[in-house]
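K.L.:
Chain by chain, the residues:
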Amino acid sequence: MAGPDSIETLYDAHAGALFAYALNLTRSEADARDLLQDQFHRLARQPMPATVRDARGWLLRSIHHLAIDRIRRRATRDRVADQWSKEPLELFATHADPDESAFRSGLAEALGDLPEDQRSVVHLKLWEGLTFEAIARLLDIPPNTAASRYRYGIDKLRARLRPLYEEIR
Amino acid sequence: MNTPPSRSDSDIPDAWETRLARITLASPPPDLRRACLRAQEPRPTAFDWLAFLRVLWSRHPWAIRGLAAAWTLITALHLTTPEISVANADSHTVWAEETLQLVARQRAELMATALDWDRENAPVSNELAPPAKASDRPNTTPPTAFPTNRMS
Numbered sequence: 001m002a003g004p005d006s007i008e009t010l011y012d013a014h015a016g017a018l019f020a021y022a023l024n025l026t027r028s029e030a031d032a033r034d035l036l037q038d039q040f041h042r043l044a045r046q047p048m049p050a051t052v053r054d055a056r057g058w059l060l061r062s063i064h065h066l067a068i069d070r071i072r073r074r075a076t077r078d079r080v081a082d083q084w085s086k087e088p089l090e091l092f093a094t095h096a097d098p099d100e101s102a103f104r105s106g107l108a109e110a111l112g113d114l115p116e117d118q119r120s121v122v123h124l125k126l127w128e129g130l131t132f133e134a135i136a137r138l139l140d141i142p143p144n145t146a147a148s149r150y151r152y153g154i155d156k157l158r159a160r161l162r163p164l165y166e167e168i169r
Numbered sequence: 170m171n172t173p174p175s176r177s178d179s180d181i182p183d184a185w186e187t188r189l190a191r192i193t194l195a196s197p198p199p200d201l202r203r204a205c206l207r208a209q210e211p212r213p214t215a216f217d218w219l220a221f222l223r224v225l226w227s228r229h230p231w232a233i234r235g236l237a238a239a240w241t242l243i244t245a246l247h248l249t250t251p252e253i254s255v256a257n258a259d260s261h262t263v264w265a266e267e268t269l270q271l272v273a274r275q276r277a278e279l280m281a282t283a284l285d286w287d288r289e290n291a292p293v294s295n296e297l298a299p300p301a302k303a304s305d306r307p308n309t310t311p312p313t314a315f316p317t318n319r320m321s
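Residue numbers (this note's numbering), protein chains in the order written: chain H, 1 to 169; chain F, 170 to 321.
Think of the hints as simulated: they come from the structure by calculation, not from any bench. Every value quoted in this text rests on a predicted model; they were computed, and no experiment measured them. By construction, the Cβ of each residue, glycine as well, lies at the ideal position given by its N, Cα and C atoms. Hints should not be assumed to be uniformly reliable.
Said to hold, decoys possible - Just so you have them, the derived chain F footprint on chain H, three or more residues with Cβ under 8 angstroms:
1) 11-17
2) 125-136
3) 144-158
To be verified - Computed spacing ranges between beta-carbons, pair by pair:
4) H:A102 <-> F:T187: 16 to 24 angstroms
5) H:P47 <-> F:A245: 50 to 58 angstroms
6) F:R191 <-> H:D155: 14 to 22 angstroms
As the list claims (entries may be wrong) - Just a few of them, taken from the derived set where beta-carbon distance is under 7 angstroms, the chain H residues facing chain F:
7) I7
8) A20
9) R33
10) Q37
11) F40
12) E90
13) F92
14) A93
Make a model of the complete structure from these sequences and hints.
P.N.:
Right under this line is the structure:
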């Protein structure tokens with residue numbers, strides 16, 4: 001998918017992933033909405049370059065930078081970013097099973113406790129299915145760094161969610 | 170039963186990672202699509218000044234006439250006022266003959282007044298000077314007894 005795609009096509013194909021990534025990074029639905037709007041308004045003004053081969057990667061990279069800028073501004077503006085990161089967040093789709101629902105809530109909360117760099121790598125690996133090479137390119141970090149951040153993040157999630165995981169197995 | 174050991178150095182996910190990856194992410198709110206795509210909608214055309222002036226002329230002709238009169242006045246003032254910079258304003262100022270005479274007369278009177286004042290306040294000899302009051306003169310007499318620490 002490349003430059004000539006219309007914005008509607010790009011939205012329908014990638015908005016879900018972009019919104020979830022922005023939501024997981026910023027931990028604020030209002031910020032995620034703003035970032036997604038900002039992203040597509042930018043696309044309307046300046047379309048994606050025709051040379052881009054991986055539209056999803058290009059958009060994720062772009063919204064990653066927007067999210068980091070937003071987080072930094074927010075942290076400068078007020079010092080309650082940590083508090084925001086612990087607010088319950090509808091990061092995952094709702095589920096009818098209460099156990100599964102509890103596990104998803106716990107996972108969303110545990111993700112909020114991860115540092116941003118680990119959280120972004122975990123998100124991109126688990127829910128975007130990117131390789132460490134792809135994550136490294138997207139975040140401008142070495143592949144080994146991406147792998148180690150993922151390992152630290154996933155181990156923290158594992159330790160944190162083990163009781164819940166054992167309970168619902 | 171424990172969770173499987175981490176193999177997260179590899180790109181191949183283990184059971185725990187697969188379990189997490191299967192969880193569906195929340196979808197963006199439905200209203201967000203419209204908000205995001207709004208920027209692509211055709212923007213309103215530029216303001217039509219001609220139509221605006223036509224409506225103004227038909228409904229408020231006095232406003233147009235007032236604007237035209239003000240514009241004419243401003244243009245006329247602009248065209249008739251010589252553009253002289255402040256630095257050169259003095260050299261370009263044309264003084265009326267009466268004004269010059271008046272200034273010369275006032276200058277002469279002022280000079281005469283100054284000369285009179287100088288004459289009246291010129292230093293005079295001691296004989297002619299009026300005696301000064303004792304209280305006006307400074308007391309040059311040394312005090313007869315200063316308090317000292319000396320033991321006498």
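K.L.:
Mind listing which of the numbered hints don't hold for this structure, in increasing order?
P.N.:
none
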